[in-house]
Amino acid sequence: MAKAAIQMRRSGRALLPVGADDEARILALPPETILSVRISRPRMPKTHQTFFQVIAKALKHWPPGHDPHPADGDEEMLRAWLLCRVRYCDVFDFPLSGNAVVDAAAVSGIVKLIERVRSEDTFAFVRQGTVDGGPAMRAFVPKSMDWDTLDELDFRPIKDKVFGEIEHIIGCRIEDLLVSKVETA
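Quick note on numbering: the sequence shown equals residues 816 to 1000 in the numbering used here.
Derived by calculation from the structure, the hints in this document are not laboratory data. Note that the structure is predicted; figures quoted are calculated from it, not measured. It cannot be assumed that every hint is accurate.
DMTMM-like, lysine to aspartate or glutamate: derived pairs with alpha carbons at most 25 Å apart [stated by the list, open to error]:
(1) K974 - D889
(2) K974 - D918
(3) K927 - D969
(4) K875 - E980
(5) K861 - D889
(6) K976 - D905
(7) K976 - D961
(8) K927 - D908
(9) K974 - D837
(10) K861 - D882
(11) K974 - D936
(12) K875 - D908
(13) K861 - D947
(14) K958 - D991
(15) K927 - D882
(16) K861 - E930
What follows is a list of derived Cβ distance ranges for each label pair [stated by the list, open to error]:
(17) S851 - S959: 52 to 62 Å
(18) I854 - K976: 48 to 58 Å
(19) P883 - I849: 24 to 34 Å
(20) I841 - G880: 37 to 47 Å
(21) D889 - I849: 41 to 51 Å
(22) D936 - L993: 37 to 47 Å
(23) R933 - D882: 48 to 58 Å
For every residue, glycine included, the Cβ atom is placed at its ideal position computed from N, Cα and C.
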């Protein structure tokens, strides 16, 4: 099944093509064609900008000694950690057995994963944990937030969870953080 994105706008009870290209795609369809539609709202630039402004402000007020320790004011690291913290991430488990050879293979796997992730200009966070009742190393890698991956409807719940984490960790409301009514950590 061929897929094509066609932007539509609602006018009363009808959906109308937004632009000439969208209209041409619709007119090229054979009569009686049935379409399957996924409704999405394009990401709002203001929401996107505010998200990154809040992270930048949060970094300036990040409590000393709190995980993570964003090195040299690294907003990307903090953003990645916050996405993992709200579970918008992929989790890779590396069970540990107590056998030096097997555990060395697990560590090697983690190192390779981190190298791959860093080559993609993002971060992986490794923590000790348990998997199936046994010890393990767990690697958390944030998922993409690019415009093609997340529309406005998918982005907002993630943004809200990240803002909730920031409020909890820093101890102030996002509104106060944005207008700098917060004492520097």
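These are the hints, each one checked on the structure:
no.	hint	result
1	K974 - D889	19 Å, holds
2	K974 - D918	37 Å, violated
3	K927 - D969	30 Å, violated
4	K875 - E980	15 Å, holds
5	K861 - D889	22 Å, holds
6	K976 - D905	17 Å, holds
7	K976 - D961	17 Å, holds
8	K927 - D908	13 Å, holds
9	K974 - D837	30 Å, violated
10	K861 - D882	29 Å, violated
11	K974 - D936	21 Å, holds
12	K875 - D908	32 Å, violated
13	K861 - D947	43 Å, violated
14	K958 - D991	28 Å, violated
15	K927 - D882	23 Å, holds
16	K861 - E930	34 Å, violated
17	S851 - S959: 52 to 62 Å	24 Å, violated
18	I854 - K976: 48 to 58 Å	22 Å, violated
19	P883 - I849: 24 to 34 Å	49 Å, violated
20	I841 - G880: 37 to 47 Å	58 Å, violated
21	D889 - I849: 41 to 51 Å	49 Å, holds
22	D936 - L993: 37 to 47 Å	27 Å, violated
23	R933 - D882: 48 to 58 Å	19 Å, violated
Checked against the numbered hints above, the structure breaks hints 2, 3, 9, 10, 12, 13, 14, 16, 17, 18, 19, 20, 22 and 23 and satisfies the rest.
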